[in-house]
Amino acid sequence: MNTLRTRRGTRRSMKLAGAGIATLAVLAASACSSSAAPVSPVANLASGDLSHGADNFYTSDQVTMEKVTFKNQYQIEVAGNLFVPRNLDRNTKNAAMVVGHPMGAVKEQSANLYATKMAEQGFVTLSLDLSFWGESAGEPRNAVAPDIYTEDFSAGVDFLRTQSFVDTERIGALGICGSGSFVISAAKIDPRIKAVATVSMYDMGGATRNGLGHSVTPDQRKAALARAAAQRDVEFTGGPTEYTGGTPEQLTDQSSPIEREFYDFYRTARGNSPDTTTQPTLSSNVKFMNFYPFNDIETISPRPMLFIAGENAHSREFTEEAYRLAGDRKELVIVPGAGHVDLYDRAEMIPFDKLTEFYTQNLT
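Using the working numbering, you'd call the opening residue of the sequence shown number 9 and step up by one each time.
Derived by calculation from the structure, the hints in this document are not laboratory data. One or more hints might be untrue.
As the list claims (entries may be wrong) - Derived pair list, reagent style PhoX-like, types lysine-lysine, alpha-carbon separation capped at 25 Å: (1) K196 / K75; (2) K101 / K362; (3) K362 / K230; (4) K79 / K230; (5) K75 / K101; (6) K101 / K230; (7) K101 / K79; (8) K295 / K230.
Unchecked claim - Using C-beta positions, here's what the derived DEER-type ranges look like: (9) R13 / T260: 17 to 23 Å; (10) T67 / D97: 35 to 41 Å; (11) T372 / L58: 35 to 41 Å.
Every residue, glycine too, gets a C-beta built ideally from N, C-alpha and C.
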């Protein structure tokens, strides 16, 4: 693994490095394009770029996995995978964590990998599908509801606290991509979450309001709101659901580097999960504009926070902004040479040792 660039901080400002991309809209949160309906992945997928140990579907004989379900406070059934080290002493209380997938993805994409790797290090881990996605309940499918996503992480904590071999005072949370903003939102109002880490984080609110590098203009934002409002009228009278943004189903000569980066994970055998599209509904996606996960982020202190991003990640601005605003006991890790999606599954680039150190030190 390349040497990590690490920065610890208390309450001090830092110069934002940014991602160097100011003109591209955010794919995962875009309200600027739509398609008629989700399209199932095609058969005979290309293998994708499997360099640097890409291993999204990693399994371990050191870990057991059990499918579980539990209800959040809205009585929506949340589906998860519970990972337990085979050598775990179930007669003692052990540290645990909830692990969240990228926005638009499912637990089988990135979250299971992280949960398995952390279980190998002795933690009880729970990956979950956010409500409206994957095997979790919630209608309409692919709806955007940031408050409910936040609640799902607290419901995961509820579930872990009922397990006889989990220490109720030693539960953390780990969010990848969009889930990084959801675990921050959850930790602000749930003191039972004792340590928080994010990887390749998207601030889903800021990304939707402003785009990358604050490239979305006020007129573009108003146009997105108008499209969503018009679509509400269509759906209320029984018209078809429209979907927006997400990863393209096909690449063209005009495809952007970010589109190609996401495509290589979601649309190839590297990370494809059947019957998933990454596309939220057009009418609900604007709800992210009312989502401000970084407001009051400093109130999570003195509970520790770890922020991890790739050196070349187009999303790096969100991680650095969260780090700047966070209170005491925070750490920023920049992974040399890594992009945003690289940290979804490239095991040789993901700093699992740093994550292990962080949770071992802070869930004791």
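These are the hints, each one checked on the structure:
1. K196 / K75: The hint is violated at about 28 Å.
2. K101 / K362: holds (23 Å)
3. K362 / K230: violated (42 Å)
4. K79 / K230: violated (36 Å)
5. K75 / K101: holds (21 Å)
6. K101 / K230: Status violated; Cα separation ~51 Å.
7. K101 / K79: With Cα atoms ~23 Å apart, K101 and K79 stay inside 25 Å; holds.
8. K295 / K230: Measuring from Cα to Cα gives roughly 13 Å; hence the hint holds.
9. R13 / T260: 17 to 23 Å: Between R13 and T260, where Cβ atoms are some 35 Å apart, the hint is violated.
10. T67 / D97: 35 to 41 Å: violated (23 Å)
11. T372 / L58: 35 to 41 Å: Holds - the Cβ-Cβ distance for T372 and L58, about 36 Å, lies within 35 to 41 Å.
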